[in-house]
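Guided by the hints, dock chain B onto chain A, whose structure is given.
In order, the protein sequences belong to chains A and B.
Count along the first sequence from 1, add 291, and you get the number used in our numbering.
Count along the second sequence from 1, add 11, and you get the number used in our numbering.
Calculated directly from the structure, the hints in this document are not laboratory data.
No residue lacks a Cβ here, since even glycine has one placed at the ideal position from N, Cα and C.
Among the hints, erroneous ones may be present.
Coverage of chain A stretches by chain B, computed from C-beta distances (three or more under 8 Å per stretch; other residues unrestricted) [claimed, not checked]:
| # | segment |
| --- | --- |
| 1 | 334-344 |
| 2 | 375-381 |
| 3 | 523-536 |
Below, in silico cross-link-like pairs of lysine to any residue (SDA-like), each with a Cα-Cα straight-line distance of 20 Å or less [what the hints assert, rightly or not]:
| # | chain 1 | residue 1 | chain 2 | residue 2 |
| --- | --- | --- | --- | --- |
| 4 | B | K358 | A | Y548 |
| 5 | B | K362 | A | G423 |
| 6 | B | K410 | A | T373 |
| 7 | A | K421 | B | S365 |
| 8 | B | K398 | A | H378 |
| 9 | A | K421 | B | S37 |
| 10 | B | K398 | A | T311 |
| 11 | B | K362 | A | T422 |
| 12 | A | K421 | B | L369 |
| 13 | B | K398 | A | D545 |
| 14 | B | K358 | A | R417 |
| 15 | A | K421 | B | V370 |
| 16 | B | K358 | A | G423 |
| 17 | A | K377 | B | L391 |
| 18 | B | K362 | A | K627 |
| 19 | A | K515 | A | I300 |
| 20 | B | K25 | B | E43 |
| 21 | B | K401 | A | Y548 |
| 22 | B | K362 | A | D545 |
| 23 | A | K377 | B | S365 |
| 24 | A | K377 | B | V370 |
| 25 | B | K410 | A | Y548 |
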Amino acid sequence: MDDPELTVIIGLEIHVQLATKSKLFCSCGTEYQTAAGPNENVCPTCTAQPGTKPFDMNAYAFEQALKIALALGCDKINNSVTMQRKHYFYPDSPSNYQRTSTPIAEGGSLAGVSITEVHIEEDPGRYDLKTGIVDYNRAGVPLLEIVTDPVITSPDHARKFLEELRAVLDYLGAARDVESGSMRADANLSIRGHNRVEVKNINSFHGVFSALTYETSRQRNMVKNGLEPVRETRHFDEDRDITLGLRKKESVDDYRYIPDPDVQPIAITKEQLSKISDALPELPRKKMERFKAQYGASDDEAYALCMELAMADAFERIAKKVDAKLAAGFMRGTLKKQLNFRSYDYTKVAPKEQFITGLLLMLSGKKVTDKVAERILIDLMDGKTASSSAEQYATDAGLLGVQSSSELESIIEKAIADNPKAVADFKAGNEKTLQFIAGSVMRLSRGKADPAAVQEILKKRLSK
Amino acid sequence: MELSKTLSTTNAIKSGRLTASANLQSKISRVENYDSAVKAFIETYFEDARSAAKQVDAKIAAGKPVGKLAGLVVAVKNVLAVKDKKLTCASKMLENYVSPYDAAVIEKLRAEDAIIIGSLNCDEFACGSDNTKSAFFATVNPVSFFDNSGEMSNLAASDKFVPGGSSGASASAVAAGFCDLALATDTGGSIRCPAAFCGVTGFKPTYGTVSRYGMADMAMSFEQIGPVAPDAYGCALLLSVISGKDYRDSTTAKAISTKAPDASFATASASASSSKKIRIGVPKEYFEGANPAVAKAVKDAMGRFANKSGCELVEISIPAVKFGIPAYYLLVYSEFASAMQKYDGFKYGAKPESNDELVPTVSKVRTANIGKECKRRIMLGTYITTKEHKDAWYTKALKARAYVRAQFDDALEKCDFIVGPTMPNLPWKIGEKASDPLQSYLEDVLTVPANLCGLPAGSVPCARIGKLPVGLQVIGRRGADYETVSLMAQIESSLVV
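Chain A on its own, in the form it takes in the complex (with noise of 0.2 Å):
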């Protein structure tokens, strides 16, 4: 489908948010959601009163900083890094300068998709063009960014990239919550031998997705026209999915960039460094890998199993006491289906697990049909029962037992006695009046019929 010459090339500068407690450089808290109201998270040092300096820089910020770089890969980690201030006149700056810093590491990939740097900086306050209220409550606030090499070649990698970024800052614990507006992205895209642009104000790991598409197809189209990409900045608009061209600048972007003088610069040492390295946990593709070897799980399995550490520990859990297959193949497939459909994470039903558990061990006793398993589970996370045990709920409900054969074919003979047009076409010869009779049949049956089972008697009954 894609034409050679239309071949998308994409670098990302993702920002994440540290899981700390306070600022970078001063001791307010991060937690700026869930302030009173606008700069009602600040001190004189976040705020850049005149007179204010950086107070000495959080440890544990720059300490999770390394357990990224780290767990990423990167193999240059540089023994120093400084401080810089990247000037530029804008409110949501305190001091109309960001702290950021020089690389702290170099090297590294991640599903494909190499690393360039990873650094750490300041996140800016907010300010709402709309009301012009600016709000520096999160002013200061800890920030990772990452910078891909220009190697991802499609939306759909870099979703993928994201994805395994994602579990793996999950996996360390290292960053905040990544979809409540603490992880941000810039990317830049070309279609090859074109001109690059860049997106801007990108807000979720889902808008990445949006963003790229949009100017993929966006860009492809003007080159198959015979237009050239202008060479700009857009915004990302989130509620549109489009993106859109800023005003022109008025001037070059020149930073300025100098060494905060007020900041030290940062040692990092060899011991620092190994005895982050040794506190690592199993990262997702060891954990993968070991999934696959250990539980005999396929690739599929493993990869969503693993892209969540609450998915993965449940699983290793729930495993010990169902079969180990029967649990990956029903948490990768119904449960996992059911969770995305409600744009959930594991979190969510993981206070259910015993109840999971109790479903996975009718559902290989064969005490319920997999149709029924996926109500129950529909029914639990639409908050239908309150019951700690998926055994009281089905059978509460009515609906624990698989029908046997002799049970089937009195609802099958019900259902071909409602639905005489439907039986008539198929024996017209229109077979697909076939699924819409079994659909009758499993309705029938409360869901409690083996689709198999119907399938077959059905058909013999019919071709008499």
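Below, chain B alone, put in the same frame as chain A:
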């Protein structure tokens, strides 16, 4: 030996012979009588000061322990944040800005029972060497119009000399008896120059010794807060209070809290191990461009001191001194332009008159509220840190700084101290040197090396030429702040006739 003025006041208060309130009142009277001529204060805190003095008196009367600065009246340069008081930096930009917090040094003054009397004028954002660049008014050097009894004699307009800068009013206030001690800041000589010009003692600590938390920035990698006092003892006492680590200024990570002056403070044993003779380097470059009368006065004073103390004077050469001014100013411009970036008219200080597009609005409010010298520095600093010019200017200046530093470190390997004039010339009259900034910059040639190198340096008065005082500068090894002030005290006492 004559007792230090600061020490005798301290003793009198602690013993109850002088109440803090009475001490304060004598200062207030002088301010009320003479500050209309000297123009040192931007704001006075008399009411707050009176109640603070009463509290100290109550403590003393009740026999409770009091702090090291009990009852001493301190005035502070108005680049230091005092909670709920104006922090103007002598700029229209911050004319009505009220600080929401106390600087670290102010907290320490309060903790040691000092009485803070008010805030002092200076050059705008500390950019200047003669205090004429305040956006409000020029402070006048009091040396030429007080008679020996401390009363003001008639002053002809033509006799108005600059007090030096940028902390001109800090030195003036001490010289005029408006306070016992003053806090000032020194980025390229801003404590030592006015101390020399006003005939008082001033000291710039080793970089990183005193927390700058609460000090408005001029050039962050150069500046320190330091004491101005009538004598070296006063400097040492105030230094012992304000020095030390502070997590709110990470450049103080290696700070050493300087000890309070003890019994051996003004004797040789304090400044070097007694087994070794103190070696004092006298760089020939410090005398080459100096006014011959100033050079002679300093050499004579050093000769007398060496005779009395037995210290060894060695002539040395530090050729890199000539790179001091260019390296210093280029880096100061760069850091200053960065520091001033925050004054955009939105958050604090002067407000824009109309809300236009962002860039023109910021530009208008800055144009209207920042003075000429500051603008010059911001524009040059912006220019030399742009991508295009950075390598030719900024990066080169960093190299020059390292070069100067290496030569000073080398000299201080061979000598315990370096001594020379503080200023190459005597104070000039207000209005002179106003047109040519370069001429003014050159006056800093002997003070900037200590800032480029982060070394402790102080100025003690060593002679008078007519009414005008001459300052002698002592530069010590990095971290040897106590030893440096101690040597200043020894020189001071050797010169008492």
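- Item | Hints the structure fails to honour | The structure conflicts with hints 3, 4, 9, 10, 18, 20, 22 and 23, although it agrees with all the remaining ones.
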